[in-house]
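Colleague: The chain contents come next:
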Amino acid sequence: MRFLAALADSFVNPAILGGLVLLSAPIIIHLLNKRHFEIVPWAAMDFLLQAESRNRRRVRLEDLILLLLRMLIIGLIVFTVARPLLRGVGASREEERIIVLDDSFSMEASDGAGTALSFAKQAVVSQVEDAVGRSVPVSLWFGTRPEAGGMDLAFETGDEASGTESSGAESSRTEAPESAERAAGLLASVRETPASSVRLRLPALLDRIAEKLEGSKDGGLRSVVIASDFRAADWLEGEGAERSALRSELAASFAALAKQGSLEKLRFRFVDVGSSSRENTAVADIRASTDHPIAKVPTRILIDIRNLGAAERRFITGELEVGDPEAVPQEPGVAVAASSSASAGAHAGFRVLHRIPLASIESLAPGKSATVEIEFTFEKPGTYPVAVRIEGDRLPRDDGAFGAIEVSEGVRVLVVDGDPGTSRFTSEAGFLAAALAPRGLPTGLLPRRITGDITSRDLEDAGAVLILNRERLSPDEIRLLGDFARTGGGVGFFLGSRVSAEAYAECFPPDAEGAPEGGQVGLFPATLSKVKDAEGPRPRLRISDAAHPAFEPFRGIEGSSLDQVGFDRFFEIEPRRGGRIAARFTDPGTTPAIIDRAVGKGRSAIFNLSADRDWNDWPADPSYPIVLQEWTRYLARRGSSESTFIVGEPLTWEAAPGVEYAVAAPGGKTETLRPEGGRVLVSAAREPGLYRIVPLAIAGSEAPRRSLEPFWRAGRLDPVESDLEPAGEARLRAALGAAGVEFSLGRDVDVDVFRKSEEGETWRALASCAGIFLVLELLAAWWFGRR
Amino acid sequence: MPRLEGFFDPELLARLSRLELTARRMVDGFLAGKNRSNRHGFSVEFVEHREYSPGDDLRHLDWKVLGRMDRLYVKRYEEETNITAVLVLDTSGSMTYGSGALTKFELGAYAASALGYLLHRQRDAVGLVLHDSEVRAFLPPSAKQVAIASIAAKLQGLKPSGKTGFEDILTRVAHDLPRRCLFILVSDFFVPIDKFVAGIKFLEHHGHDAIVLQTLDEAELSFPFRSNTLFRGLEDSREMLTEPHRLRTRYLDVLGRFLEAVRKQCAASAFDHELLSTGKSLAPVLSTLLAARSRRRKAGSRKEPA
Numbered sequence: 001m002r003f004l005a006a007l008a009d010s011f012v013n014p015a016i017l018g019g020l021v022l023l024s025a026p027i028i029i030h031l032l033n034k035r036h037f038e039i040v041p042w043a044a045m046d047f048l049l050q051a052e053s054r055n056r057r058r059v060r061l062e063d064l065i066l067l068l069l070r071m072l073i074i075g076l077i078v079f080t081v082a083r084p085l086l087r088g089v090g091a092s093r094e095e096e097r098i099i100v101l102d103d104s105f106s107m108e109a110s111d112g113a114g115t116a117l118s119f120a121k122q123a124v125v126s127q128v129e130d131a132v133g134r135s136v137p138v139s140l141w142f143g144t145r146p147e148a149g150g151m152d153l154a155f156e157t158g159d160e161a162s163g164t165e166s167s168g169a170e171s172s173r174t175e176a177p178e179s180a181e182r183a184a185g186l187l188a189s190v191r192e193t194p195a196s197s198v199r200l201r202l203p204a205l206l207d208r209i210a211e212k213l214e215g216s217k218d219g220g221l222r223s224v225v226i227a228s229d230f231r232a233a234d235w236l237e238g239e240g241a242e243r244s245a246l247r248s249e250l251a252a253s254f255a256a257l258a259k260q261g262s263l264e265k266l267r268f269r270f271v272d273v274g275s276s277s278r279e280n281t282a283v284a285d286i287r288a289s290t291d292h293p294i295a296k297v298p299t300r301i302l303i304d305i306r307n308l309g310a311a312e313r314r315f316i317t318g319e320l321e322v323g324d325p326e327a328v329p330q331e332p333g334v335a336v337a338a339s340s341s342a343s344a345g346a347h348a349g350f351r352v353l354h355r356i357p358l359a360s361i362e363s364l365a366p367g368k369s370a371t372v373e374i375e376f377t378f379e380k381p382g383t384y385p386v387a388v389r390i391e392g393d394r395l396p397r398d399d400g401a402f403g404a405i406e407v408s409e410g411v412r413v414l415v416v417d418g419d420p421g422t423s424r425f426t427s428e429a430g431f432l433a434a435a436l437a438p439r440g441l442p443t444g445l446l447p448r449r450i451t452g453d454i455t456s457r458d459l460e461d462a463g464a465v466l467i468l469n470r471e472r473l474s475p476d477e478i479r480l481l482g483d484f485a486r487t488g489g490g491v492g493f494f495l496g497s498r499v500s501a502e503a504y505a506e507c508f509p510p511d512a513e514g515a516p517e518g519g520q521v522g523l524f525p526a527t528l529s530k531v532k533d534a535e536g537p538r539p540r541l542r543i544s545d546a547a548h549p550a551f552e553p554f555r556g557i558e559g560s561s562l563d564q565v566g567f568d569r570f571f572e573i574e575p576r577r578g579g580r581i582a583a584r585f586t587d588p589g590t591t592p593a594i595i596d597r598a599v600g601k602g603r604s605a606i607f608n609l610s611a612d613r614d615w616n617d618w619p620a621d622p623s624y625p626i627v628l629q630e631w632t633r634y635l636a637r638r639g640s641s642e643s644t645f646i647v648g649e650p651l652t653w654e655a656a657p658g659v660e661y662a663v664a665a666p667g668g669k670t671e672t673l674r675p676e677g678g679r680v681l682v683s684a685a686r687e688p689g690l691y692r693i694v695p696l697a698i699a700g701s702e703a704p705r706r707s708l709e710p711f712w713r714a715g716r717l718d719p720v721e722s723d724l725e726p727a728g729e730a731r732l733r734a735a736l737g738a739a740g741v742e743f744s745l746g747r748d749v750d751v752d753v754f755r756k757s758e759e760g761e762t763w764r765a766l767a768s769c770a771g772i773f774l775v776l777e778l779l780a781a782w783w784f785g786r787r
Numbered sequence: 001m002p003r004l005e006g007f008f009d010p011e012l013l014a015r016l017s018r019l020e021l022t023a024r025r026m027v028d029g030f031l032a033g034k035n036r037s038n039r040h041g042f043s044v045e046f047v048e049h050r051e052y053s054p055g056d057d058l059r060h061l062d063w064k065v066l067g068r069m070d071r072l073y074v075k076r077y078e079e080e081t082n083i084t085a086v087l088v089l090d091t092s093g094s095m096t097y098g099s100g101a102l103t104k105f106e107l108g109a110y111a112a113s114a115l116g117y118l119l120h121r122q123r124d125a126v127g128l129v130l131h132d133s134e135v136r137a138f139l140p141p142s143a144k145q146v147a148i149a150s151i152a153a154k155l156q157g158l159k160p161s162g163k164t165g166f167e168d169i170l171t172r173v174a175h176d177l178p179r180r181c182l183f184i185l186v187s188d189f190f191v192p193i194d195k196f197v198a199g200i201k202f203l204e205h206h207g208h209d210a211i212v213l214q215t216l217d218e219a220e221l222s223f224p225f226r227s228n229t230l231f232r233g234l235e236d237s238r239e240m241l242t243e244p245h246r247l248r249t250r251y252l253d254v255l256g257r258f259l260e261a262v263r264k265q266c267a268a269s270a271f272d273h274e275l276l277s278t279g280k281s282l283a284p285v286l287s288t289l290l291a292a293r294s295r296r297r298k299a300g301s302r303k304e305p306a
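Those protein sequences? They're chains A and B, same order as listed. The numbers in my numbering rise by one with no breaks, and the one at position 656 of the first sequence is 656. The numbers in my numbering rise by one with no breaks, and the one at position 86 of the second sequence is 86.
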């Protein structure tokens, strides 16, 4: 048996050796030929016998030569087809087989016969079994978990059994029975592993493999078998049919392997289990139409649906579920039983309040997106978990999505009145406060007027701060406002008679080179010069940036009342670095009227006008409340952009001081986390769905009330995985060829051929010899017959 | 002439009709007296002079030349006498071989019959010997009318068989013949060369003339066989399985040397030798043979001492 195994190991096609029985063919033919003859009565027998006796030796020698040549040719042909391997003579052994199973969720795409993942598993199992059968060490990796490293299975050889070499910490050197057990464990893990919700992480995988190879002592050949659907999005840069270049991250990983000297020792074998079809429709996004959904104020929930396939999709239907924002576990850290919502799955605490069928999308062209809008009024403030699902297709996992919509009672606007008057409409803030929250009209804006210094308590729950005609700001106030803006808040400055350019220049020094706040962009987006009175016709306000979000209501409208407003006095003003002029006066100098810029996560704006009627009569115009409401909403703190995240990427949020968080993940697992560096990080958020986060005050700390409100975070699938367009062999070869990577690709990679083809193949030499000897045989036969 | 059939080919005979078959041996002097009574219608023709050698018979001296030139010469004569010819035809098994229309025996029989007919027409005595390793039939030479018919009858329906003999046959036949004869030997001569040489020399030694007609088949001469062939001997049980194309060169070499040896010996003994092939027409060969003999005789008779 050992001999047979060694024989099988020494030939690519050992079964062909059975053809060696054909060596007897020339002998048999020679003997058979002698059975067929003519009979000729002959008179000159003496001469014939004389000739034969003189010829006999030569004829026998010629026969022997021809026989040997023919047998040799047959033997060479048999060996050529059997493909013997000559190890040790320019040959390489397969030192290790690195097998990668792509378990990303795109592998769940099905064509009826099975999912790509099921085919990939079969291929991986056969690869592992073959390697185990040949005692080739195996390293099994899962494509979405490069950080977990490979599951290694090694075998002891004779040398290693004597204890001469230590292989390293990771591989498990086992005796034969334990190897079998471990191999069985390996195979079981392959068979049982479900598709992940995470994207295939090829660059990270290659980097981990590079680390592993750098640590290995042998320089032998390794095969890298990747069983995947080989989608273009995983391998190629860009989008659409035009993409052809290798992804830059992949190119960098391959370059690193090449630089390390490992690339030339790797033989890439791609087992393509993907389908040629790219049909898939996915829910791309679910969000509120506004950054500040307000309780009791109608808003729209927008659901983006994208057709990633090449064929039109018709009559797409679905359902939206809006969950209870207050469905929290009674005890922190204890998972709530799974809801009854089938579409939301086992999401801790998700209790469906509303189910709303989606308007059917009659037709969705290939490559196009459609947005379904659902008008909805949230009853009260809170973070509402939402889930949407459309009818399933060949990849069901991306036919649903989750979201978390933060609904507030309104945007709290701190109005800092720099010139309080004796009555409502004699103060700077009177008109503005009335414009922001007209009596009886819910605008979602909740102005609160102060006249004194701004404190941290004032900013605690504010979404925006409007500073009206304030003579100056103290350093503390500037610091607080700067922090407020950089953490997402908005600050607007209205000018007026109490404002002096010198004072503001002192308060807000230039923030170009040598910015005072350590290089950060300052709060004040412009430099004031002198006050100017309008000359000639009263300047009007002209929107200079029609695309500005704050002017959205005026977009496309000609001749609004804004054109009627006259402005008598304003500052000469110059925007600072990054400042955007949203509107100008129509004076000869087209003086900027509104300037805004980003400050950290927030923004600040200057309104080069008075909030009251001192310098203009705008408060009397109907456009005044509209513009101010839109600008205030624009400046106000956004709903948390961290409410959704891509699964597989870290789930993180800014932590409040003195607070720890109980996180309940989809599926019910909970853990309690403490912040580090002011942020909380959930590193293993790999499941899509709703994560319920309950802040818990740390004993002995004084956590702000607002920071103790539970909230949701929605984990979404990486939209890249929904793009099932195959990369295609041609594009893969072009892209990888440019990176110096060669590979073989097929649906069923022949293990024997791929493994052995590297190991001292001699068939070419044998075929050449067979050819030479064939020519020699022909020449010899001709020459012998000629004589 | 009696009506002849069998191996007397009218066409062949017609072609040879203008030719004569002459004896070729030079005899010294004039054989008169003792043999004259035995020979009807013989004549001698002066051919040449040669210088006297001590011991020559003085009766052969040409006194005229002596008187004229004061030198001693003897005359030499070509004995123009009725030829006594014997057709010696090999009827051994080897003569049965024929790859074409004719067997060697048939070819030889045609040739012997033609020459026999020619002799008979010249009123020469013709006899017949049929042999293998033994004499199977003997017709003494006769110039009678019935002789040729007897020969024809003997040849009719003959089935050659047996081994080839040569020297012993000639010895036996010559013993039964009263005088020097013209032996027309028709055979393939597939005997050991030393036997052949011995036989030829025997004839030469006893003053006989001979025409050696060696009959071979075209296949024996060209050996055209290609595929595996089992050659079975016609005169014995020997057989050989071989690939003929691989033997051909060697066989032809061996055969060629044999034929050359035969030819050489015949030339050495001043006997005419012709190779008859079953693949070639007989008439040209015999015509050439007879014409050459006739020319040689005429050329020899016109020579005079200088």
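Treat the hints with caution; some may be incorrect.
Some chain B residues judged to face chain A by a derived CB distance under 8 Å, without partners named [unchecked claim]: (1) Asn228; (2) Met240; (3) Arg246.
To give a feel for the contact side, a few chain B residues facing chain A, derived at Cβ under 8 Å [stated by the list, open to error]: (4) Leu230; (5) Leu241; (6) Leu247.
Chain A stretches covered by chain B per the calculated footprint, using a threshold of three residues with CB under 8 Å from any CB of chain B [claimed, not checked]: (7) 47–61; (8) 588–602.
Hints are computed from structural coordinates only; laboratory data are not their basis. Where is the CB? At the ideal position from N, CA and C, for every residue including glycine.
Colleague: Hint numbers the structure violates, sorted upward?
Modeller: 8
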